[in-house]
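Let the sequences and hints guide you as you build the complete structure.
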Amino acid sequence: MRNRGRLSLHIPQPKHRPGDKPDFSNVAVPPAGTLDRPPTDAKARDLAPYSYSLIRVLDEEAKAVGAWNPRLDAEALRKGLRDMVMTRAYDDRMYRAQRQGKISFYMKSTGEEATSVAYASALERDDMCFPSYRQQGLLIARGYPMIDMMCQCYSNTRDPLKGRQLPIMYSSREYGFFTISGNLGTQFPQAVGWAMASAYKGGDRIAASWIGEGATAEGDFHHALNFASIYRAPVILNVVNNQWAISSYQGIAGGEESTFASRAIGYGLPGLRVDGNDFLAVYAVAQWAAERARSNRGATLIELFTYRAEGHSTSDDPDRYRPCDEWKAWPLGDPVDRLKRHLIAIGAWSEKQHQALTEETAMLVRETQREAEAIGTLSEGPKPSKLTMFEDVYRDMPWHLRRQSKQAGA
Amino acid sequence: MRNRGRLSLHIPQPKHRPGDKPDFSNVAVPPAGTLDRPPTDAKARDLAPYSYSLIRVLDEEAKAVGAWNPRLDAEALRKGLRDMVMTRAYDDRMYRAQRQGKISFYMKSTGEEATSVAYASALERDDMCFPSYRQQGLLIARGYPMIDMMCQCYSNTRDPLKGRQLPIMYSSREYGFFTISGNLGTQFPQAVGWAMASAYKGGDRIAASWIGEGATAEGDFHHALNFASIYRAPVILNVVNNQWAISSYQGIAGGEESTFASRAIGYGLPGLRVDGNDFLAVYAVAQWAAERARSNRGATLIELFTYRAEGHSTSDDPDRYRPCDEWKAWPLGDPVDRLKRHLIAIGAWSEKQHQALTEETAMLVRETQREAEAIGTLSEGPKPSKLTMFEDVYRDMPWHLRRQSKQAGA
Amino acid sequence: MPAMNMIQALNSALDVMLARDPDVLIFGEDVGYFGGVFRVTDGLQKKHGVARCFDSPVGEGGIVGVAIGMGVYGLRPVVEIQFADYIYPAYDQIVSEAARIRYRSAGDFHVPLTIRTPYGGGIFGGQTHSQSPEALFTHVAGIKTVVPSNPRDAKGLLISAIEDDDPVIFLEPKRIYNGPFEGHHDRPVQPWSKHPLSEVPEGHYTVALGEAAVARAGAAVTVLTYGTMVHVAIAAAEEADIDAEVIDLRTLVPVDIGAIVKSVEKTGRCVVAHEATLTSGYGAELCALVQEHCFYHLEAPVQRVAGWDTPYPHAFEWDYFPGPARIAEAMRRALEN
Amino acid sequence: MPAMNMIQALNSALDVMLARDPDVLIFGEDVGYFGGVFRVTDGLQKKHGVARCFDSPVGEGGIVGVAIGMGVYGLRPVVEIQFADYIYPAYDQIVSEAARIRYRSAGDFHVPLTIRTPYGGGIFGGQTHSQSPEALFTHVAGIKTVVPSNPRDAKGLLISAIEDDDPVIFLEPKRIYNGPFEGHHDRPVQPWSKHPLSEVPEGHYTVALGEAAVARAGAAVTVLTYGTMVHVAIAAAEEADIDAEVIDLRTLVPVDIGAIVKSVEKTGRCVVAHEATLTSGYGAELCALVQEHCFYHLEAPVQRVAGWDTPYPHAFEWDYFPGPARIAEAMRRALEN
Ligand SMILES: Cc1ncc(C[n+]2csc(CCOP(=O)(O)OP(=O)(O)O)c2C)c(N)n1
Ligand SMILES: Cc1ncc(C[n+]2csc(CCOP(=O)(O)OP(=O)(O)O)c2C)c(N)n1
Ligand SMILES: [Mg+2]
Ligand SMILES: [Mg+2]
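Protein chains in written order, with our numbering: chain Z, 5 to 414; chain B, 5 to 414; chain X, 2 to 338; chain H, 2 to 338.
In short, the hints are calculated from the structure, not lab data. Note that the Cβ used here is the ideal one computed from N, Cα and C, for glycine as well. There's no promise every hint is true.
Chain X stretches covered by chain H per the calculated footprint, using a threshold of three residues with CB under 8 Å from any CB of chain H [claimed, not checked]:
1. 85 to 95
2. 126 to 139
3. 272 to 283
Okay, derived cross-link-like pairs now, SDA-like style, lysine to any residue, Cα gap no bigger than 20 Å in a straight line [to be verified]:
4. Lys-387(Z) with Arg-374(Z)
5. Lys-47(X) with Lys-67(B)
6. Lys-263(H) with Pro-53(B)
7. Lys-47(B) with Asn-300(B)
8. Lys-106(B) with Arg-188(X)
9. Lys-47(Z) with Pro-53(B)
10. Lys-410(Z) with Pro-325(H)
11. Lys-390(Z) with Asp-187(H)
12. Lys-106(Z) with Val-369(Z)
13. Lys-67(B) with Pro-335(B)
14. Lys-390(Z) with Asp-320(H)
Quick look at the structure:
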């Protein structure tokens with residue numbers, strides 16, 4: 005009865021490495037507008053097909069088509085475009101600042117801007133976000149002062165985090181943006197707990213959280229989906245599948261055996277898979293999930309299918325592990341370019357206006373940077389007093405920290 | 005746009021508590037023999053329906069019906085029956101020993117015997133098992149000396165674990181039974197690692213592990229499924245859904261939102277849901293999964309749908325949180341009774357023989373117990389030297405433990 | 002005042018806080034309808050409602066991660082980890098998150114979380130129902146670690162922990178839930194009712210975090226300890242007829258350095274005792290603190306009495322447990338020359 | 002002998018072991034094709050094959066749990082945790098499983114597992130790329146904790162760890178991967194090639210676990226330390242012109258008590274230094290050991306120099322890092338009266 009064949013260990017490998025010609029023909033891209041939009045009270049079990057397809061609104065002519073078209077007015081679309089362009093300009097600038105040695109570290113969100121900016125429009129201003137480190141677009145779209153973002157990166161005297169955190173680890177209760185953790189995945193069950201608290205208090209605010217496809221391998225991903233399902237927490241759980249976890253392609257995270265959206269199925273949660281570079285589609289699924297959560301029908305898992313256009317961080321050189329022009333071959337394009345073309349297609353935007361917007365945002369970022377650097381950078385200018393390093397470990401400073409701060413001060 | 009309805013926190017509750025009349029009409033029990041048996045190389049995606057139905061072989065007349073009927077010969081069936089009866093007799097005896105204060109603790113597997121005994125027949129003798137604490141049936145079915153099981157419980161001088169472990173935390177490399185951990189879930193990724201090692205070495209041995217439905221909430225459950233899927237580990241991952249985790253019903257583990265078998269879907273693994281009180285069905289799915297694993301097609305998740313007939317352990321009084329006669333209402337009956345009725349139905353067994361078997365096993369257990377108690381119990385008789393307490397912390401005893409063992413000896 | 006055992010006192014603390022503060026809620030494995038495997042939450046769900054005290058899945062990492070989110074929202078979650086031996090799956094959420102959120106957000110967010118968990122040996126629980134992991138928390142800046150040794154402190158300290166705006170690890174010595182324990186397993190268990198500290202006010206009161214108590218006054222040698230070992234140390238002093246001063250630390254971080262220094266400067270001799278394994282146990286920190294603060298008063302080396310550096314061995318419980326004989330011996334050593 | 006930096010020496014150790022023993026395999030986040038974020042596994046997949054050195058999902062608990070199963074099968078897995086700050090999700094598998102399997106099975110099963118992880122500060126990594134969690138492992142019976150301070154030891158100790166039949170936590174001081182560091186961030190980095198201990202044999206050799214080294218001989222005061230701090234302590238002695246003996250412990254558990262006692266009995270004075278936070282750090286255990294074993298030779302209290310009891314603050318790295326000035330000051334205090 006026993007099959008005497010010998011076993012062998014399967015180790016997933018990406019199709020292309022540096023030197024190979026990138027080819028995404030294996031990535032299935034269904035035409036836009038083909039999927040219908042189920043009611044937000046649909047049974048999770050009936051939504052399984054949405055975990056394997058790809059919700060798309062913008063078609064090849066940049067027209068918005070199909071049932072998922074959120075029919076946003078031109079003003080809302082222009083705001084989305086503006087925020088994405090601003091996010092990209094900010095990223096470019098700060099990346100350069102790191103290269104110039106003015107900050108210690110930086111992480112761009114280039115190519116993924118829609119996965120955070122569109123949520124800022126779909127969510128209410130007082131809904132709570134538990135981001136990973138690539139959702140700076142949320143802060144920008146919610147109007148958080150860019151100068152404060154920069155000062156955090158520079159760890160200068162205006163840094164809201166008093167120089168305690170690595171650049172980009174922003175935090176703002178006022179803007180509904182939870183303090184970013186360096187430890188992957190921890191924010192996911194925290195968002196569920198926050199949402200449970202909102203339900204416990206009979207409020208109407210919901211939570212949203214973002215995690216990378218790589219970090220879905222952490223136990224906290226399981227805890228979040230499990231608690232969210234059991235207690236029907238009003239939370240939107242987003243997996244940003246940008247194809248890469250530093251040097252590991254999504255197959256090492258399980259992406260070859262199934263989709264990340266389908267992880268929802270086993271918990272009895274809806275799992276929606278969406279074109280993450282399609283601003284309208286991302287807005288539409290976020291809005292669907294928000295409505296479902298707010299009407300007490302619980303959590304939704306959303307896979308935002310996108311591509312990490314740049315290196316993982318300033319510590320990383322992606323050309324060592326993937327073809328350098330892979331992004332150009334990405335079949336879902338660039339979220340900024342696609343929304344721009346859509347706005348032009350509906351006559352609400354022009355190349356000239358876009359040109360102006362790009363210059364104006366670049367200028368604004370440059371000016372803000374000058375302002376921030378005038379206050380100080382990591383290496384130059386005044387620092388917050390080093391004694392602040394002993395504050396906020398506890399609400400009240402215990403004797404041993406008072407003692408240590410004296411020793412440090414002496 | 006915002007729905008101003010107030011949120012509320014959903015907390016799952018079982019339908020019955022002490023005093024209520026148990027009623028399992030909500031438990032769907034499809035007739036036996038209706039599901040066909042897919043080839044063991046079937047695509048995981050096509051197997052999703054098996055995660056929501058219930059694979060059953062023994063029908064109401066105790067006849068074996070349908071494509072999943074493993075067609076075991078009478079001898080194999082009688083061995084299965086004998087091992088289940090023996091396991092139950094052993095449990096009863098040791099439970100009483102604890103009540104008499106002869107051992108500190110005990111856990112029965114009553115009502116769940118098929119979920120371990122059937123695997124002993126479906127697996128090869130040298131396949132490796134990573135059990136939870138309710139698979140004593142595996143040891144009994146593999147012929148591990150019962151006297152050694154008992155001596156482990158008594159922590160006497162013959163205890164193979166030298167008095168270091170709580171009763172029932174057996175360990176036997178020779179019998180392919182991994183040392184039981186008190187920490188839930190940890191054995192699940194370990195089994196996957198063992199299976200990966202077997203594949204890495206090009207061997208043909210596979211691994212199997214068991215976890216309770218309650219413990220599926222641990223992060224290790226996620227790690228196990230994820231690694232098993234990504235590296236196609238030759239392992240059988242079993243969830244024993246006995247409806248209860250101490251006082252928490254399976255809804256607190258997520259069982260109301262989906263099935264535990266369906267957790268497999270998001271990892272691209274087959275998830276088979278089986279009548280855990282149907283010896284033939286359990287054997288059949290285990291055999292299917294073993295064949296799939298051994299032919300290099302990777303892991304299978306199996307939900308063994310059963311019922312914990314007794315208290316969680318000797319520290320527990322189930323009448324405090326569930327109707328005391330709930331088991332009698334359990335629609336899937338008793339695995340021992342069902343296999344016995346099947347053997348009689350096919351003319352391979354009789355009430356008389358069964359009577360004899362029951363008495364003989366009870367007698368054998370009693371005699372073995374006498375033998376074990378003659379060697380010693382936790383409270384009486386010689387003990388292993390207390391200095392053995394310092395051994396096996398490391399392979400070689402370092403200076404600080406030698407020093408401490410001197411202090412303890414002095 | 003009613004006489005309560007530890008379980009009743011802890012239950013009373015939770016009952017009082019559920020009644021006083023709608024933002025307090027309790028969850029954990031089996032704490033809801035059933036009332037917890039040690040009955041500490043008994044009756045609370047029935048009295049205060051399902052949403053105030055409910056069962057959680059068997060996932061400690063999820064329990065703490067979710068509780069942190071609730072704390073960030075503004076609730077005061079109190080979670081139970083069924084045994085301290087099972088707190089490790091939650092270790093990342095405790096160490097990387099609960100302990101650091103206030104600091105890394107510069108006070109923008111904080112987590113008023115209480116994690117209750119029964120710890121320690123003496124109940125034949127074997128390797129995974131007997132551990133004392135306090136040192137794994139005292140090393141982590143940003144959390145407080147509390148260990149009561151009697152019903153009155155247990156209630157007052159638990160209320161302080163719940164009202165504290167920082168995360169608190171609240172370790173409950175399970176061996177003395179039902180009665181004080183002098184370390185003689187072969188003698189009948191004394192009920193708490195015979196102990197003066199079982200007199201527990203019914204309403205709200207607090208015992209401040211960070212304050213030790215003199216459990217037994219003496220002049221010859223100081224014993225620094227906490228939890229079950231407070232009773233063992235007192236018994237050791239009585240039985241060996243040594244004029245020992247037993248300090249019940251009650252809070253390990255922040256520790257009451259004043260009380261330690263005051264006593265050691267008086268006695269000039271010190272013994273440190275805990276159930277946890279010796280190496281890198283909290284006793285090491287106490288040794289270091291004593292010799293840093295009292296070196297020139299010390300007339301003999303600080304003696305450590307602790308669990309052996311092995312897992313907790315089921316059948317050898319009483320060879321492993323640091324009982325009165327070992328503490329008495331350590332006191333004698335501390336009193337040599 | 003070729004001059005290697007720490008990374009090359011560690012890479013060479015792995016290369017040698019992959020070639021010698023088919024049961025050795027390596028996995029972890031980004032260690033495969035890419036060769037690890039610190040390049041320690043660079044080229045190993047290409048040379049030895051995909052199955053010998055491969056990428057894992059981003060789940061430390063899974064990495065260690067799976068590696069334990071491989072060890073139980075009979076392999077010698079070497080896993081990398083990308084930063085020690087991210088080891089906590091694996092803490093339960095390390096503490097409850099790897100550390101206890103031999104004991105609880107009475108030797109029936111064991112786990113020859115090596116967990117490599119970069120630790121420590123000095124690279125502006127902020128709170129989650131700078132931690133020194135060694136004391137969270139030294140408290141756990143059943144595991145060994147090793148910390149090299151130079152290329153030659155790094156290779157010899159790593160080979161010993163891989164060949165050891167017990168689980169070993171192998172902490173790599175990332176600040177000195179590319180060159181020794183005296184604690185002066187404002188001075189140019191010295192390459193290892195200028196350091197005698199960068200001469201590393203190409204083939205197989207071992208440095209025994211449990212043996213300390215005298216990194217600098219001296220008679221006035223003993224400094225007990227490990228990792229990056231060995232270089233900082235030596236610099237402190239030179240700069241303060243103090244005849245200090247610097248002991249590089251190399252293995253924290255089991256620690257080389259003989260070497261400690263020998264030196265402290267000679268000097269009568271002792272400083273303990275590490276980057277980890279002070280309270281309940283491994284330095285507390287060293288203090289306790291020294292005063293237990295050498296009390297009557299001690300002429301001054303043992304001085305602890307450690308990270309402050311706060312998370313590692315990004316912009317205050319050099320106020321936080323216990324540099325030569327603080328060690329020199331501690332040595333002076335140890336030398337008073
Ligand atoms: C617990 C933990 N483990 C490992 C790391 C190191 N690390 C930082 S980012 C990263 C890759 C994450 O990839 P993904 O989740 O896909 O997010 P992305 O960077 O693509 O946005 C890793 C392994 C970490 N920060 N935390
Ligand atoms: C990590 C961990 N958390 C909690 C416990 C305490 N505990 C022991 S058994 C149990 C219930 C487990 O239920 P289930 O997984 O369904 O297994 P069953 O007892 O039903 O076989 C709990 C919570 C534990 N042993 N380990
Ligand atoms: Mg990614
Ligand atoms: Mg169960």
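These are the hints, each one checked on the structure:
1. Remark: the region 85 to 95 of chain X is confirmed as covered by chain H, as 5 of its residues place a Cβ nearer than 8 Å to a Cβ of that chain, reaching the required three.
2. Note: the region 126 to 139 of chain X has 5 residues with beta-carbon separation from chain H under 8 Å; the three-residue rule is met and the coverage holds.
3. Residues of the region 272 to 283 of chain X with a Cβ under 8 Å from some Cβ of chain H number 6, which satisfies the need for three, so the listed coverage holds.
4. Among the hinted pairs, Lys-387(Z) with Arg-374(Z) is consistent with the structure: their alpha-carbon atoms are about 17 Å apart, no more than 20 Å.
5. Simply put, Lys-47(X) and Lys-67(B) have alpha-carbon atoms about 47 Å apart, too far for the 20 Å limit, and the pair is violated.
6. Among the hinted pairs, Lys-263(H) with Pro-53(B) is inconsistent with the structure: their alpha-carbon atoms are about 71 Å apart, more than 20 Å.
7. Straight-line distance between C-alpha atoms of Lys-47(B) and Asn-300(B) comes to about 13 Å, which keeps the hinted pair within the 20 Å bound.
8. Between Lys-106(B) and Arg-188(X), the direct Cα distance comes to roughly 18 Å. Compliance with the 20 Å bound is thereby established for this hinted pair.
9. Taken as a hint, the Lys-47(Z) and Pro-53(B) pair is honoured in the structure, with Cα atoms around 17 Å apart against an allowance of 20 Å.
10. A C-alpha spacing of about 18 Å is found between Lys-410(Z) and Pro-325(H), which places the hinted pair at or below 20 Å, so the restraint holds.
11. For the hint pairing Lys-390(Z) with Asp-187(H), the CA-to-CA distance comes to about 18 Å; that is within 20 Å, so the pair holds.
12. With a C-alpha separation of about 16 Å, the suggested pair Lys-106(Z) and Val-369(Z) falls inside the 20 Å cut-off, and the hint holds.
13. This hinted pair checks out: Lys-67(B) and Pro-335(B) have alpha carbons roughly 17 Å apart, not beyond 20 Å.
14. About 7 Å separates the Cα atoms of Lys-390(Z) and Asp-320(H), which keeps this hinted pair within 20 Å; it holds.
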